[in-house]
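Read top to bottom, the protein sequences are chains A, B, C and D.
First residue of the first sequence: 1, per this note's numbering; consecutive thereafter.
First residue of the second sequence: 1, per this note's numbering; consecutive thereafter.
First residue of the third sequence: 1, per this note's numbering; consecutive thereafter.
First residue of the fourth sequence: 1, per this note's numbering; consecutive thereafter.
Do not take every clue at face value.
Claimed, not checked - Listed next, the in silico DSSO-like pairs over lysine-lysine satisfying Cα-Cα at most 27 Å (straight line): (1) A:203 - B:221; (2) C:117 - D:31; (3) D:201 - B:323; (4) D:148 - C:117; (5) B:323 - B:260.
Simulated from the structure, these hints should not be mistaken for laboratory data.
Predicted model, so just to flag it, every value in this text is computed and none were measured.
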Amino acid sequence: MKYRREASLLILVAVLSLLATLFDGSFVRDNTLDILINSIPTMIISCGVMLVIITGEIDISVGSLLGLLAAILALLCSTVSPGLGIHPYLAIPIVLTIGTLIGLGTGCLVVYGRVPSIIATLGLLIALDGAQDWLMGGGDIKHFPQQLRNLGTGTKLPINLIFTILVVVATGLLCRKTALGRRIYAVGSNRSAARLAGISEAKIKLFVFALTGLLTAMAATLWVAKLGNVSTSTGAGLELKVVTCVVVGGIAIRGGRGRLLGVVLAVILITMIRTVLNFMDLGSEAVKWQRAIEGVMILVAVTSDHFSQRQQSGGSS
Amino acid sequence: MNRTPDPIITIESVSKSYGGVEALSEICVDILPGEVHGLCGENGAGKSTLIKCLTGVIPPETGKITVDGTPLRHGDIHAAELAGIAVIYQESTAFLDLDLVDNLFVGREIKKFGWLDRRAMEKRALAVMQRLDFTLDLHTPLREFSIAQRQMVEMARACLRDCRLLIMDEPTASLSSRETKTLLGLVTQLRAAGVSVLYVSHRLEEIFQLCDRVTVFRDGKLVATTPIEQLNRDQLIGQMVGREVDVLTRHKEHTERTDKIRAKITGLCSRGRFSKISFEVRSGEILGIGGLVGAGRSELARAIFGVDRYDDGEIQIDGITLKKGSIQSAIEAGIAMVPEDRQHQGLILPMSVSENLSLTILAELTKYRLLHHDREAERVQSLMQHLAVKAANAKMEAASLSGGNQQKVVLGKWLATKPKLLILDEPTRGVDVAAKAEIHRLIRDLTEAGMATLIMTSDLPELITLSDRIEVMCEGEIAGQLEGGTATEEQVMRLAFPRGEAQRT
Amino acid sequence: MNKWLSLIGLSLASLLITGCSGSDSERDDGTSTRPNSDRITIALLPKLKGIAYFTSCAEGAQQAADELDNVELIYNGPTTASADKQAQMIDKWRLQGVDVIAVAANDPAVLSESLKKAQDAGITVITWDADAQAEDRSFFVNQATAEAIGGGMVDTMANDLGGPDAVGEVAIISATATAANQNEWMKHMETRLQSYPNLKLVATKFPGEDQNAAFQDSQDLIKKHPNLKGIFGISSVSFPGAAEAVKQAGKTGEILVTGLSTPNDMQPYVKGGEVKTVVLWNTQDLGYLTVYAAAAIRSGELQPGATEFTAGRLGKKQVSGDQILLGDILLFTTENIDQFDF
Amino acid sequence: MKKFAYELFLLGLIGVVFAIAAILDPRFLSKNVQLELSSEIWELGLLTLGMTLVIITAGIDLSVGSAMGLCSVSLGLCMHANLPTWLCALACLVTGLTAGALNGSLVAFMKVHPLLVTLATYGMYRGFAEGLQSATTNAPVDASEGIKSLAAGTFPLVPLLFAALTVWTAILLGRTAAGRGLYAIGHNEEAARFSGIPIAKLKFWIYTYTGLLAGLAAISYSARRSATAEAGMVIELDVISAVVIGGTSIEGGRGRIAGTLLGVLLIHETRQFVDWYWQRSELTLIVIGTLLILAVLGHRFLFAQNPKTR
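Looking at chain A on its own, in the form it has when it is part of the complex:
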């Protein structure tokens, strides 16, 4: 069945919702919107990282990159020293540009420097984390102009969510409806064949890395807008969460295969685990095991698929 993965993710989401509903009857009604909003940074970045993984590369620098970009935006916008108090509509494009350029730089390291992407982005993960701390200097940065905060806290209309949906839809269209999207898959599926078909592997890869940079900058903007606070720990560990979501969503780690829908469901699933556990009466002792429980669930999600796949395809080549 073609949509096996999506179906099982959907079932898991339903099971978790049901479980939570046992503890709180109005769980679904009260939490759906919040879970979606809380998933925004992961969701946006996952769209980019998914494309990177489809081309057969990986980007594990997004956590540090988000932190650095959030710090830059905070310094540009914050109305209190050391912030420069620049108008957000000016600052946001600057941050988006920086994000795209860093993404492009990563792409250049991978494509022209021929550094394996996992190593290039590991190096960046470490270095950009340092750069973020360096830039932040003292402590948290708060005091953002209302125009910026409105992007994240519009109570009537969740602008950030609408924007995220637009990003997801655009990514979906890119994958399915454009030549570029099909070429991204083609490069990941068989790079030498892609070359022979006249596709420039270099351009495609530069594009996906740059796009990931841009999307990370967007996520950073919405992050700052929503939480109104940037600290040195902003973004830490996000890269692992994103890669986990992309993989659980059914994107083959070797490239070429997987659909956006699965990733979207996986992001929702992994975001809601925390909320569901919060709503179950875990008791004060069990709460300490929350991270372990999440870990086990992710391990099961990552491996269970291999059980079923093995049975399906047997041992054929």
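Got chain A; can you put chains B, C and D on it based on the hints?
Structure of chains B, C and D alone, referenced to chain A:
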């Protein structure tokens, strides 16, 4: 036949060298419109390099290529494509994760307002399949198609490009006879439509059946371009190797065939792959397994060697039953296998010749569990001499050897284990004529020394001349037995085709 | 040949990188690691760098160092609250031969070995902000004990909710489940909560250092416990996270958030009404006092058994046993928060 | 000598670090300082031994640091219960072995991509470590005298053990059938399988070995500091960086223990000196990250063995 004097493509004194070695030197060939132009030569003769120059994958160093009188921009894939040059490569260029429509159009998508026009692409895909007389589902990922079906998609892809010149590089290497027939029919059809075809193949029968003229390369140099009527088989081979070779010696009756049963397979079944397979191989005997591609030959070979598990049945070597699905126990029992895919399964290309050769006998080369480097060098040296592997030294990367020599290394690493049963899956695919003859001779010598050999091959002359006995498989079952040497290709084919279809052909 | 060229190239590149950043950092905090006989080098180690709390401590410390013209101040700390990294830094400072090491201990047990070695090497070890094991240091600059902090937060919350008879459910949002300081505080908070029989602790969450998780946990708590009246955000990540969640849930005024923070950092939420009272002490003074104490101990001016000593602009400070007391906990509310700038 | 060109290059880089140190602050180079700072190197070194094997097979183990944390906590629990020293150490090693074996069996027998397995266990082991610690002792446990004298006493047991394991691992890799098999797997797993290399077995054992090393590293760490769930936090980044800087190809098939040792030394000296001289934790991160990228770039452009192949 409509013969216009002006060639559509002229190749004038094209040269190309890699690291000081001339791959092509001063090549001049012209291709006429509507002709099937054969291109022959041993591996490493420069055929692939010429193809790469023509398609713009690499630029030639000197010389020029003109299409209809206009020079082609060198090293530009798009320019070659625009000029109407399309190619079907030897190794599959399919995107296994993409569906048929995407495979046909990737790189040349049809767009409407910047978006993909899926409907238009589907329509054209159907049209081209109709023209080529086959039907496949448009939305199935190619992974789920057979190799032959993937090859058909490649054909369709080339046809879609409205090409003037279609280059086919060993298109039938992995096709069964029936599929080959379909494909050859297709080539004829293309010729009738005025498309020129540059046809590269090691299978001389196809060259004679199909081509109008044949160009032969040897060591990067042009030997001759000859109209096919002026050539016979031996002359063509002579042009290729520079001497007359007794390619496929007629089968000699083995006088020393013993009665000792080496391998006994009883009732082997694997769901969806093959069922009820039973046969015996005696020491000193070559048993050929014939059949169409997809008949289950390779799957059977993999099961015997323990690569895949099987559902039912038993494999015995010298009376000892093997463990299911364990390569290690198969090797311990004395089975060796030269797999189908030399580059991915047979060899570890980035490792040295020496490391490849000793990979199967590491246990023998250890002392106090440590590898004994001198002993390793000794063994490797003697193996290389025995097999006449042409390599500068044993430390060379296996990747730098020619196809024939690579295959000798694969053979060598298994002969080193002194196997009781040697399984060969397509042992001479993509191997040039001279190396092929050497490999055949080697197989025969070894078998006469008491080994049992099981050979799976799509190459019918090879199957018939090499085997003592032949089992023909059809749709996963054994359809019948034939005697080697005396069987005819027709007999094999009759057994190989599923019932009902045989009458039709 | 080109290998050696490349080597030279790379070494130049690395020189360049390190060189550039070097000049930069020296300009920034003017540190120099050269020992000097008549000068005192004081190494000030926070629990972690990069949060406002410790940065303002460092500012105070720098003021003191500037006033005392024989003091050179080194300020460095780990980027996460890691005791292991702190121990590494202490070891390095010992080897570099600083005169005083002042530590805000992330974990007494982990640091014990390094501190002992430092003392053996003749270095004066004091603690500030968070104490180490008593035998591993000479004095503790005590702004507040864990008991005072934990109890203070509970008292503040109870007070804001209506005094000793405060009624309602409260929750704690901590850092990781293994964060030593937070665990210590929580122990005392739970004890103190017993004296408010109508305040019920309904949940404790451990979002780690993840801002988004802290926000999410607070959000879920608010929904899950409709009678929730107060949230203790006891880490630098969870305090603003909880306040923001209350604000966005539209529960401003209904649910109060409290915790430890510098006034500048939480000022928007105090003004906004999500936070009624922020508990803290004067962090700049803490850093200032620490440096004065360090200098005084090193020069022999302050010795065990003393009952007070003079710390610059802070005047006379009380010494009780081996503890130097900073003074009272400060409570920042909307009335007084603008008077403080740190 | 050509064979060891890259190792020479690394030595040169270490020389550069020393040269910079000599100019800026010669005290850093004194025997005493180097000896004292070396206590940090053993855990990193131990873990890289296993990681080198894993990366040579084109695998990766992100969970080593978390496994080390889990081992440290289990050691702490045993010490807390006043169990005899040998039993504590054994429990710690068994925990590591088990964690490694879980990774190993998922990678080798279930054939899940190692990145996915260890990405999941990375969070899981750390989660268990934190859960276990906070549910039981709720604080780090001081190393017992037994463990201290074992791993941090006057007798340099850990360095000697590290030296022995290094020699053993190097021999395993360079001079045994298993080692040859690991390289074969890294280059071309399919062909290795067809050559009768026991792939699943080898993979299982190298992940398990890495787990065991995490246990050893945890004992060493706990003896120096204390038994805590914090042990090994983010050490996996340094471990992978050191192995890759040491010339092991992340794509598999290439790498040597000698290179790894130099990689460890280079990372260690760089980190220590930047920390030592500039006293800015964030600068250290920037330098290490840049070093990793530069080293791989250097390897690509200066030592690519066959420029003809892609």
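Going down the list of hints, with the structure as the test:
Annotation: proposed proximity of residue 203 of chain A to residue 221 of chain B is violated, straight-line Cα distance about 37 Å (limit 27 Å). For the proposed pair residue 117 of chain C and residue 31 of chain D, the alpha carbon gap of about 18 Å is at most 27 Å, so the pair holds. A distance of roughly 17 Å separates the Cα atoms of residue 201 of chain D and residue 323 of chain B; the hinted pair therefore holds under the 27 Å criterion. Note on residue 148 of chain D and residue 117 of chain C: the hinted pairing holds, with a Cα-Cα distance of about 15 Å set against a maximum of 27 Å.
The straight-line distance between the Cα atoms of residue 323 of chain B and residue 260 of chain B is roughly 22 Å, inside the 27 Å bound, and the hint therefore holds.
In summary, the one numbered hint that this structure violates is 1.
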